[in-house]
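Novice: Residues per chain, in single letters:
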Amino acid sequence: MTINRKENNGAYIYEIEGRIDTLTAPELEADIKGVADKAESLLLDFAKVEYISSAGLRVLLFAHKAMSKKGGLKLVNVGEDIMEIFEVTGFSDILSIE
Amino acid sequence: MEKIEITAATDKLGEVTEFIDAQLEAADCSMKAQMQIDLAVEEIFVNIANYAYAPNVGMALISVDVDEQRRAFITFEDSGVPYDPLAKEDPDITLSAKERQVGGLGIFMVKKTMDDMLYEYRDGKNVLTLVKKI
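Protein chains in written order, with the numbering used here: chain A, 700 to 797; chain B, 27 to 160.
Just chain A, with the same shape it has in the complex:
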């Protein structure tokens, strides 16, 4: 997994590439934790995410909660296979996905 992070006036954009699994999810979580306090909003671009496991879902839930009192967490460019994972777990109802 590689993370490409951009910031503009407190709006953080993450372009994530590869697999968000048990091994890589902690890195993403640590990165988001590092900016959650100062971030006004968080946008995750999933265009290049190939795979997500429950370890990755935990990070999304954490990010969603951390941003819920601010500009919120938004996911964009979610592929079909990942979308199906969000649907079977009920995450598609919780997360803001465009």
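What the hints contain is simulated information worked out from the structure, not anything from laboratory work.
Some hints could be false.
[What the hints assert, rightly or not] Chain A side only, calculated, beta carbon under 7 angstroms to chain B, not exhaustive:
#, residue
1, Asp720
2, Tyr750
3, Asn776
[Stated by the list, open to error] Pairwise CB distance ranges (calculated):
#, chain 1, residue 1, chain 2, residue 2, range
4, B, Asp37, A, Gly778, 23 to 29 angstroms
5, B, Asp142, A, Asn776, 45 to 51 angstroms
6, A, Ala710, B, Asp118, 29 to 35 angstroms
7, B, Arg148, A, Met782, 33 to 39 angstroms
For each residue, glycine too, the CB sits at the ideal point set by N, CA and C.
Given chain A's structure and the hints, the job is docking chain B onto it.
Specialist: What follows is chain B alone, placed relative to chain A:
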């Protein structure tokens, strides 16, 4: 049937996934089924790594077989504490994020994406088999 015996530790997940993917690719598995199987394998293997032998470390035996009807059978064996993941109650996925506990979600995802899941405790071993049409 191909198999590997490997230390049940989360840092071995990469090796496990590589082994599984190699078998599935050799069988011309669809991308979607492969992703779902990878997901299921991760959830099961990480469970074994975290709980089967805790606080000690033990081994896991993982095998892959594809039958004539193109069903993949992925079997995990460990000699840890008896644990039937199928006996666990499903999480309530209708709850809001605030009320949500993420525990139990992994096994739930496996149940939802695999065609079948079989568990037995045999000869002092947990034997869990995932079945998925590829």
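Novice: Next, verify each hint and record whether it holds.
Specialist: So, going through the hints one by one against the coordinates:
{"no.": "1", "hint": "Asp720", "verdict": "6 angstroms, holds"}
{"no.": "2", "hint": "Tyr750", "verdict": "6 angstroms, holds"}
{"no.": "3", "hint": "Asn776", "verdict": "17 angstroms, violated"}
{"no.": "4", "hint": "B:Asp37 x A:Gly778: 23 to 29 angstroms", "verdict": "28 angstroms, holds"}
{"no.": "5", "hint": "B:Asp142 x A:Asn776: 45 to 51 angstroms", "verdict": "33 angstroms, violated"}
{"no.": "6", "hint": "A:Ala710 x B:Asp118: 29 to 35 angstroms", "verdict": "33 angstroms, holds"}
{"no.": "7", "hint": "B:Arg148 x A:Met782: 33 to 39 angstroms", "verdict": "38 angstroms, holds"}
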